[in-house]
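Take 1 as the starting number for the sequence shown in UniProt numbering and just add one per residue.
Keep in mind that a hint or two might mislead.
Stated by the list, open to error - Think about it this way: if two alpha-carbon atoms lie no more than 30 Å apart in a straight line, the pair counts; the simulated DSS-like pairs of lysine-lysine are:
hint, residue 1, residue 2
1, K303, K316
2, K69, K59
3, K67, K216
Unchecked claim - Distance windows between CB atoms, simulated:
hint, residue 1, residue 2, range
4, A159, P33, 49 to 55 Å
5, A318, A202, 42 to 48 Å
6, A159, E301, 23 to 29 Å
7, A174, K59, 24 to 30 Å
8, A313, A95, 19 to 25 Å
9, M58, A313, 55 to 61 Å
10, T149, F221, 52 to 58 Å
11, S117, G97, 20 to 26 Å
12, V219, V249, 15 to 21 Å
13, P33, Q111, 44 to 50 Å
14, S203, C167, 50 to 56 Å
15, T287, G211, 32 to 38 Å
These aren't lab readings, by the way, just hints derived from the structure by calculation. This structure is a prediction, so every number in the text was calculated from the model and none was measured. Note that beta-carbon positions come from the ideal geometry of N, C-alpha and C, so glycine has one too.
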Amino acid sequence: MEGFSKSVSRPSVKKHFQRHAWSIILSINYHLPPVESEGRPTQELDPGARLVEYFPQMKYIPSRFAKWKRDAQYWFIQDSLRYGRLLSKVADDLAKGIDQPSFGATLIKNQDKYRLSELEQAWLVGDVLSAGGETTSTALHWWLLALLTQPEVQVRAHAELDEVVGCARPPTFADLPSLPYIRAMVKEVLRWSPAAPFGAHASSADDWYEGMFIPKDTVVFLNMRVKDQIKLMDGREEGHTSFGYGRRVCPGRPVAEGTLGIDFATLLWALRFERPGGAEGELDVHTVVHTGLSAYPVPFECKIVHRFAEAEALLKEALDLYE
C-alpha cells in the first residue's frame, strides 16, 4: 500500500503486488519483515512446462540426453539451499530464546511429533512460500483488471466502505463481516479467474468413475469451470473451486480469503483505479500469461488516484502501530 502511495501517478502494479504477496507469506512462514523487492524468479516452479509431467516414462531417459533433468537438479539444489537458509534463521532465533510465531517455528518446535528431516522441513515451508506468494499476486492482478473493465463495481464498493468504515481510519479485519460486497468480490475474482487454473491432483489408488478406469498415480486435472455449486465438507456453498476439493483442499484458504479481503478493502478505501487518459479499445480479459505456478492477465496500464488527501497519512499511521 505504501508503495502505491509513493508512485500514484504511474506505478508498476505488478512489482507492488508481488512485493506485498511475498511479504505476507514470508512473515507467516519465517516471521520476516516486509521485502523491498518484488520477489525471486519462479521459472523453476513452472508446472506443465516439461513433457515428463505428462509422459512419466521419460524419467528413464539418461540425464545427459535430458536437459530438463539437469535443470530440475540445479533448481532442487538452489531451492534447497534457499529454503534451508530461511529456516536456519528461525532455528537460530529459537536457540537464542527468540520465539516469534511462524509456520517454520511451529515445525521446529514439534520436530519429535512430525518426525521430518531438516530438508523435509525446509521444503514443506518452502512449498507454502512458493504457492502462497504467487497466487495472491495473481488474484490481485485479475481483480484490478476487473475493476477497470467494470467501473460501476468500484463505485458500489466505495459506497460500502464509506458507510461502514468512513474516512477517519483504514479498514481492519474486524470490518470484513460488515463488508459483504468486498467479500463477494473475493469470491468472484477467484471464481472468474482461478490463480492456479489446472488444480492438478493424482489418484492415490485404482478407481472407476462413471465407467472409466483411473489407474493409481494418474494425473487428474479438475474442471475449474464447473457450473454446479461446490459445497465444503461442512455443507456451505463455496461458489468456486479455486482451493480444490475434499482432503486435498488448499490449507491456505482462510489466509488467502482474509488477505484478499483486507487488500481489496484497503486499496479501495484509499484509492480509485481508472484507465489512463486517452486509452482506447477494450481491455483483454481472455488472454492468459502463464508464469511460475499461476496464470496472469496480459500487461495493462491503470491510473491510480487518492480518494481523499488524508489517506496516505492515515495508512502510514496505521502501519507504524504494527512495527
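For each hint, the structure was consulted:
The hinted pair formed by K303 and K316 meets the criterion: a straight-line CA distance of about 22 Å does not exceed 30 Å. For the hint linking K69 to K59, the alpha-carbon distance of about 8 Å falls within 30 Å, and the restraint holds. Between K67 and K216, the direct Cα distance comes to roughly 28 Å. Compliance with the 30 Å bound is thereby established for this hinted pair. Restraint check, A159 to P33: a C-beta distance of roughly 35 Å breaks the suggested window 49 to 55 Å.
Distance hint check: the CB atoms of A318 and A202 are about 44 Å apart, consistent with the given range 42 to 48 Å. One distance hint, 23 to 29 Å for the beta-carbon pair A159 and E301, holds here, with the actual separation near 26 Å. Take A174 and K59: their Cβ atoms lie about 51 Å apart, and the range 24 to 30 Å is violated. Between A313 and A95 the beta carbon distance is about 41 Å. The supplied range of 19 to 25 Å is therefore violated.
Range check, M58 to A313: about 58 Å between beta-carbon atoms, so the 55 to 61 Å window is met. Remark: the range hint 52 to 58 Å for T149 to F221 is contradicted by a beta-carbon distance near 28 Å. Checking the proposed 20 to 26 Å range against S117 and G97 shows it holds: the Cβ atoms sit about 25 Å from each other. Here the CB-CB span from V219 to V249 is close to 18 Å, well matched to the stated 15 to 21 Å.
Checked against the hint of 44 to 50 Å, the pair P33 and Q111 fails, with Cβ atoms roughly 26 Å apart. The hinted window of 50 to 56 Å between S203 and C167 holds, with their beta carbons roughly 53 Å apart. In this structure the supplied range 32 to 38 Å holds for T287 paired with G211, their Cβ-Cβ distance being about 36 Å.
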